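**Student:** Chains A and H, in that order, give the protein sequences.
For the first sequence, counting from 1, position 251 maps to 251 in our numbering; every step adds exactly one.
In our numbering, each residue's number is its place in the second sequence (first place is 1) plus 327.
Hints are computed from structural coordinates only; laboratory data are not their basis.
Owing to the predicted nature of the structure, the values given are computational and were not obtained by experimental measurement.
Keep in mind that a hint or two might mislead.
Unchecked claim - Label pairs and their in silico Cβ distance ranges:
no.: 1; chain 1: H; residue 1: 485; chain 2: A; residue 2: 126; range: 56 to 66 Å
no.: 2; chain 1: H; residue 1: 576; chain 2: A; residue 2: 16; range: 49 to 59 Å
no.: 3; chain 1: H; residue 1: 336; chain 2: A; residue 2: 204; range: 30 to 40 Å
no.: 4; chain 1: A; residue 1: 204; chain 2: H; residue 2: 556; range: 17 to 27 Å
As the list claims (entries may be wrong) - In the DSSO-like style, the derived pairs of lysine-lysine whose C-alpha atoms are separated by at most 30 Å in a straight line are:
no.: 5; chain 1: A; residue 1: 33; chain 2: A; residue 2: 8
no.: 6; chain 1: A; residue 1: 8; chain 2: A; residue 2: 301
no.: 7; chain 1: H; residue 1: 556; chain 2: A; residue 2: 138
no.: 8; chain 1: H; residue 1: 556; chain 2: A; residue 2: 33
no.: 9; chain 1: A; residue 1: 33; chain 2: A; residue 2: 13
no.: 10; chain 1: H; residue 1: 411; chain 2: A; residue 2: 13
no.: 11; chain 1: A; residue 1: 13; chain 2: A; residue 2: 60
no.: 12; chain 1: H; residue 1: 372; chain 2: H; residue 2: 411
no.: 13; chain 1: A; residue 1: 256; chain 2: A; residue 2: 244
no.: 14; chain 1: A; residue 1: 244; chain 2: A; residue 2: 8
no.: 15; chain 1: A; residue 1: 60; chain 2: H; residue 2: 449
no.: 16; chain 1: H; residue 1: 449; chain 2: H; residue 2: 556
no.: 17; chain 1: H; residue 1: 567; chain 2: H; residue 2: 557
no.: 18; chain 1: A; residue 1: 146; chain 2: H; residue 2: 410
no.: 19; chain 1: A; residue 1: 60; chain 2: A; residue 2: 138
no.: 20; chain 1: H; residue 1: 556; chain 2: A; residue 2: 60
no.: 21; chain 1: H; residue 1: 372; chain 2: H; residue 2: 449
no.: 22; chain 1: A; residue 1: 146; chain 2: H; residue 2: 372
no.: 23; chain 1: H; residue 1: 396; chain 2: H; residue 2: 334
no.: 24; chain 1: A; residue 1: 60; chain 2: H; residue 2: 567
no.: 25; chain 1: A; residue 1: 244; chain 2: A; residue 2: 33
no.: 26; chain 1: H; residue 1: 558; chain 2: A; residue 2: 13
no.: 27; chain 1: H; residue 1: 557; chain 2: A; residue 2: 60
no.: 28; chain 1: H; residue 1: 372; chain 2: H; residue 2: 334
no.: 29; chain 1: H; residue 1: 410; chain 2: H; residue 2: 396
no.: 30; chain 1: H; residue 1: 556; chain 2: A; residue 2: 13
no.: 31; chain 1: A; residue 1: 60; chain 2: H; residue 2: 558
no.: 32; chain 1: H; residue 1: 396; chain 2: H; residue 2: 411
no.: 33; chain 1: H; residue 1: 557; chain 2: H; residue 2: 449
no.: 34; chain 1: A; residue 1: 13; chain 2: H; residue 2: 557
no.: 35; chain 1: A; residue 1: 301; chain 2: A; residue 2: 244
no.: 36; chain 1: A; residue 1: 146; chain 2: H; residue 2: 449
no.: 37; chain 1: H; residue 1: 567; chain 2: H; residue 2: 556
no.: 38; chain 1: A; residue 1: 8; chain 2: H; residue 2: 556
Cβ coordinates follow ideal geometry from the N, Cα and C atoms, glycine included.
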Amino acid sequence: MEPILDIKNLDVKFALRTGTVTAIDNLSLSLAKGERLGIVGESGAGKSVMGFSIINLIRKPGYIANGSIYFRGEEISRYSEEEIRAIRGNRISTIFQDPMMALNPVLTIGTQMTEAILAHMDMTQEEAERIALEKLAKVHIPAPEKRLNQYPHEFSGGMRQRIIIAISLLTDPDLIIADEPTTALDVTIQAEIMDLLIELCESEGMSLILITHDLGVVSEVTERIAVMYAGRVIETGPTEAIIKNPQHPYTQGLLKALPESRTPGEPLYQIPGMMPTLTDIPPGCAFNPRCPMRGEICITKRPEAAFADEHTGHMAACHLVSGDLAS
Amino acid sequence: MFAFTVKRILQALFVMLIISLLGFSIKHEFGDPIRDMVGIQVSVKDREILRETMGLNDPFITQYARFLKNAAHGDLGTSFFYKKPAMHVILSKAPATIELVFASSLIVILISIPVGIFAAIKPRHWFSRIAMGGSIVGVSIPVFLTAILMIYLFSITLGWFPSYGRGETVDLWGWHTGLLTADGLRHLIMPAIALSSIMLPLFIRLIRSEMMEVLETEYIRFAYAKGLKKKRIWFIHAFKNTLLPVITVGGVQLGIMLAYTILTETVFQWAGMGFMFLESVQRSDTTLLVAYIIFVGGVFVIVNTMVDIIYGLVNPTIRVSGRK
Ligand SMILES: Nc1ncnc2c1ncn2[C@@H]1O[C@H](COP(=O)(O)OP(=O)(O)OP(=O)(O)O)[C@@H](O)[C@H]1O
Ligand code: SF4
Ligand SMILES: [Mg+2]
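Looking at chain H on its own, in the form it has when it is part of the complex (with noise of 0.2 Å):
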């Protein structure tokens, strides 16, 4: 386990030197770091004095490895609209994602989970036909679209819901959350759900399979044959082996629902990274979104890095292939 948990370490690091390669890239071909600094009276020739004591006329690797040193310092540079460090605009920013990602991740393992089981143990149940059906018209309606018929249906016709907004946060050390207060559920609630309907589908289909596999398998047969009880052979049994392949999956969809985020967030105005990352598009302020790349990427990795050593230590067979 411990050579196994060393080696996917080793190729997270890996992975994180390609992102921030190409974070770099981006920032060294789009960005400019003159103008983010300084303002349109100083003329060409001041600029180009400025841009050779900053050293930006290095070469490449040079200036890559610079960067590199101070994104392990956490310093990815400033942001030319917050005129604050990028880390910390994101930091700043992060709360708010995390607890949107958090509600709709809760959402999706909550439901998912009893209404895969259930579609697995009971294909021609008539709530497992409405699950599966409901399932194939959720994932094709794009998150956006779901975003804005909530809006119209429960914000604007019903009135149940605020349609935009964090509500009320309460600082938690620095951390402004709105999972305290009445008001910052109920902003929270139209966001999380948006998010989870691209994941939720898919993850049931996802469970219901991988369970209605496994039923068919010769040690569910033998446990039948001991004469253990229909209960103890799902819900041990089956759903113990159901939930490694979904672990994996489970992983990576987190990291997708990071990129949904983007959407979501902007659709309800949720003051998080993903609308930050637009707006910082639409400003150009390519330190940020650099920034947010990288530091999306570190998240995307080191939740990945963990889903496999979890399903290490959910898995025996991996454990003991480590252990030599």
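The following block holds chain A by itself, in its conformation from the complex (with noise of 0.2 Å):
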């Protein structure tokens, strides 16, 4: 089956006044319809470059510098502005990390809902209120009718996150993109608001790419991962393949560094040093200088992906798996 979205060797480039920084570096990732893919790694990986990348909505002096990015079969990382506008918000909806500062302070919900369906189709205001109220129940929001009138301050984190769900239900897109939807918000609302997405995704046959640092939440959510290291896809396979069988070292300390895997007693693990700056990317594989299996080759060489297992399409970029490097 053809994939819904289908990105190849991506480059996402900064140009800094110091010099051109590469924030994503020659990525690939494909999605099928109705999958949900959860992309992985630490604060500054360049998750939310790719993300955003996709619907060419990169903060300056961010462009995308190499690679294509296939949406239903079409190339649309070249779109004109007014092309990918089109769909923006239309088939690809975004949800924002933060629901206290994605919501426009002194514009009504009901006027930020009935814009975003009046941007991409032709129907009269009364409609498109029908059509916010009808998302606003799909999200669980009690007494609807009552709310298009209120201001975003009125609202708490919870509820206000499930109306930005309900701005991104609003066209019926293809693809929604979630960039740390519950990471703002309080454990117990985080649950609620993950099974929520999980429910529409599959009410409504939607593909979602969801955006976490949180190893744990992805493998609850999604079919398939990707784990990202500096810019790059280090390991990528089904849920259960990267959960129960890691072969990045990196994947391996993200997943010793999760509270369920801690043992009574010790403290939390944690993956030691930081991950690099976009300035200073060490040389050959860019974990070596954290990664407790490091051989000489790791140094000087750059690993390739590699597959783990051909059948089910897990790949790591680690000369450990490439047969490079003796574990």
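Using the hints, build the complex out of the two chains.
**Tutor:** As structure tokens, this is what we get:
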């Protein structure tokens, strides 16, 4: 089956005053219709930049330097401003991390919902309001009729995130990109929002890209995972394979750092060191300064993605996996 | 909103009380009501009797209370020079000043909003660069210099506009307006531009920087992610948020503009309150001078209170906190 989204060899760069840095490096990903993909990695891995590059909304001075993004078979990364606008919020919706910041404080919920419909569909204000009410009900907002005239500050964080999800549903999109949709919320509300997202994806047949730094969350929500490190996908495969049989030492470290895998009585494990900044990504394997398995070759040669299991598509970019380094 | 409005009005009354206390102190210290009333022929002894009967030897507080009571009835004393109630003199001069401030504000609003927005959304455009560069120069030239240069260029050299006075005015139910005659408008143009010359660059810069800040917010990015058209994002989403701080500053600036009318009106011999104020200083007409301070202070406080209330109407967050 033809994938709904197919990213090929994507490079995203930032033209900084001090020189150009590469935030996304030769990234390839694909997503089937109705599939849920998790993008995981520590802060600064390039997850958000990747997500926004799909709808060509990278913050300046970022730009797509290379590669292509096929959406429903069409190359959208070279679309004009007007062409990509017709896709944004229409076929591809985005859910932002902080619901407190994503809604305009001086416009009513009704305005912020109907405008998103009217930007893409030819219909009357009344029809748009009817759709807005329908979607608010779908995300379980009580008494939706009363909400349209209210302003964002009259809602709690969880309610706002529901409203944002309702906004993302307005045009029945093919794909939703959710960038850390629950990080800013209370723990109790996090699970509710995640459940809602899965429920909606299943009932509406939408694809989902879930960006998060929490491997625990993606393992429950997604069918496939891509682990990112320093702008690259370093491991990808079915969720189960990644969780049960991680190949890349970085993925292994992330799993070990989950609170669930903590041995009672011992402190929570942390991968030593930090994600490198874009200006000094180490040569060879970008993870090598933090890697417990590092060998000679890791410092000089950059590992290419190699199959761990050709059948399931489980791949990892590590010399251990390609066989260049004996474990 | 109601509680908020009441609170603001109480604050305004308090500020007015302070201004009146200040004004009265000036009058008490420097004014000489006896001189204002009688000629030099009156003897020292008679003056002292007059002083006693007028209550000028009463304690400060008693006199201040009397002053307040009269002020509450609109009586701010009698002008020594005009031999008329100070309030009448001020009110007869007010239309000229109000029209001048109005015209200047109009110029500031009509120019700063489009230019500020443009400079924010197209910061690299040549027009934005010129506007920003020009505004730096603009704020640093004193008003009276602008006024004098304008008179030199447009009145003396080119002869396009008259250099002083209000020109022909029409009496509209006691309000002498220059807005309805071609001659009045011709006289208004230069003073209005001169007066707006300090505020205009300030507002362009303010609107630009507020707008640029708003354009970087998450909700603007979200608006883009929804696929809205740029025009809607700029003029509905961003501009409305830009307006809030601009309204607040705008109120204060309007008050400052009143102060600058003293300079502008003097240079252009514009028969308004500012010109009158300077004359009353030269004539030691303390009563009129203090009346002016209290009147202008009152206008300033009223404008600011109204601005705050309008702000509350535009900003839903304030409206609700006031509702509690
Ligand atoms: N506007 C920008 N200018 C310069 N560099 C940027 C900009 N935006 C992002 N970057 C850089 O790109 C890299 C990836 O950032 P990104 O926001 O995608 O990380 P992330 O994986 O989403 O992290 P987080 O979990 O903190 O959201 C970071 O090193 C960041 O410094
Ligand atoms: S390539 Fe080498 S340094 Fe990189 S993850 Fe594999 S073993 Fe570690
Ligand atoms: Mg991010």
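**Student:** Now look at each hint and say whether the structure bears it out.
**Tutor:** Going through the hints against the structure:
At roughly 59 Å, the beta carbons of residue 485(H) and residue 126(A) sit within the given window of 56 to 66 Å. Distance hint for residue 576(H) and residue 16(A): a CB-CB separation of about 34 Å, inconsistent with the stated range 49 to 59 Å. For the hinted restraint 30 to 40 Å between residue 336(H) and residue 204(A), the CB-CB distance of approximately 53 Å leaves it violated. Checking the proposed 17 to 27 Å range against residue 204(A) and residue 556(H) shows it holds: the Cβ atoms sit about 26 Å from each other.
Simply put, residue 33(A) and residue 8(A) have alpha-carbon atoms about 17 Å apart, close enough for the 30 Å limit, and the pair holds. Of the supplied pair hints, the one linking residue 8(A) and residue 301(A) holds, its CA atoms being roughly 23 Å apart against a limit of 30 Å. As the CA atoms of residue 556(H) and residue 138(A) are separated by approximately 27 Å, the hinted pair is consistent with the 30 Å bound. For the proposed pair residue 556(H) and residue 33(A), the alpha carbon gap of about 28 Å is at most 30 Å, so the pair holds.
Using a Cα cut-off of 30 Å, the hinted pair residue 33(A) and residue 13(A) holds, with the two alpha carbons roughly 29 Å apart. As the CA atoms of residue 411(H) and residue 13(A) are separated by approximately 76 Å, the hinted pair breaks the 30 Å bound. Only pairs whose Cα atoms come within 30 Å are accepted, and residue 13(A) paired with residue 60(A) is accepted, the gap being roughly 10 Å. For the hint linking residue 372(H) to residue 411(H), the alpha-carbon distance of about 27 Å falls within 30 Å, and the restraint holds.
As the CA atoms of residue 256(A) and residue 244(A) are separated by approximately 12 Å, the hinted pair is consistent with the 30 Å bound. Our distance criterion of 30 Å between C-alpha atoms is met by residue 244(A) and residue 8(A), whose separation comes to about 27 Å. Restraint check: the Cα-Cα separation between residue 60(A) and residue 449(H) comes to about 14 Å, which is no more than 30 Å; the hinted pair holds. Note on residue 449(H) and residue 556(H): the hinted pairing holds, with a Cα-Cα distance of about 16 Å set against a maximum of 30 Å.
Of the pairs offered as hints, the one joining residue 567(H) and residue 557(H) holds, with about 14 Å between alpha carbons and a cut-off of 30 Å not exceeded. Proximity of residue 146(A) to residue 410(H) is assessed by CA-CA distance (about 64 Å); at most 30 Å being required, the pair is judged violated. For the suggested pair residue 60(A) and residue 138(A), the alpha carbons sit about 36 Å apart, so the restraint of at most 30 Å is broken. Restraint check for residue 556(H) and residue 60(A): the C-alpha separation of about 19 Å stays at or below 30 Å, so the hint holds.
For the proposed pair residue 372(H) and residue 449(H), the alpha carbon gap of about 76 Å is over 30 Å, so the pair is violated. Taken as a hint, the residue 146(A) and residue 372(H) pair is broken in the structure, with Cα atoms around 79 Å apart against an allowance of 30 Å. Of the pairs offered as hints, the one joining residue 396(H) and residue 334(H) holds, with about 23 Å between alpha carbons and a cut-off of 30 Å not exceeded. With a CA separation close to 23 Å, the supplied pair residue 60(A) and residue 567(H) stays within the 30 Å bound.
A distance of roughly 25 Å separates the Cα atoms of residue 244(A) and residue 33(A); the hinted pair therefore holds under the 30 Å criterion. At most 30 Å may separate the alpha-carbon atoms for a hinted pair to count; residue 558(H) and residue 13(A) meet this at roughly 28 Å. Between residue 557(H) and residue 60(A) the alpha-carbon distance is near 16 Å, which keeps this suggested pair within the 30 Å criterion. Taking the CA atoms of residue 372(H) and residue 334(H), the gap is near 51 Å; set against the 30 Å cutoff, the hint is violated.
Between the alpha carbons of residue 410(H) and residue 396(H) the distance comes to roughly 21 Å, so the proposed pair stays at or under 30 Å and holds. This hinted pair checks out: residue 556(H) and residue 13(A) have alpha carbons roughly 26 Å apart, not beyond 30 Å. The suggested pairing of residue 60(A) with residue 558(H) holds, with an alpha-carbon distance near 19 Å, which does not exceed 30 Å. Of the supplied pair hints, the one linking residue 396(H) and residue 411(H) holds, its CA atoms being roughly 19 Å apart against a limit of 30 Å.
Taking the CA atoms of residue 557(H) and residue 449(H), the gap is near 12 Å; set against the 30 Å cutoff, the hint holds. A threshold of 30 Å between alpha carbons decides the hint, and for residue 13(A) with residue 557(H) the separation of about 24 Å falls inside it, so the pair holds. For the suggested pair residue 301(A) and residue 244(A), the alpha carbons sit about 28 Å apart, so the restraint of at most 30 Å is met. Our distance criterion of 30 Å between C-alpha atoms is broken by residue 146(A) and residue 449(H), whose separation comes to about 39 Å.
Between residue 567(H) and residue 556(H) the alpha-carbon distance is near 16 Å, which keeps this suggested pair within the 30 Å criterion. The straight-line distance between the Cα atoms of residue 8(A) and residue 556(H) is roughly 29 Å, inside the 30 Å bound, and the hint therefore holds.
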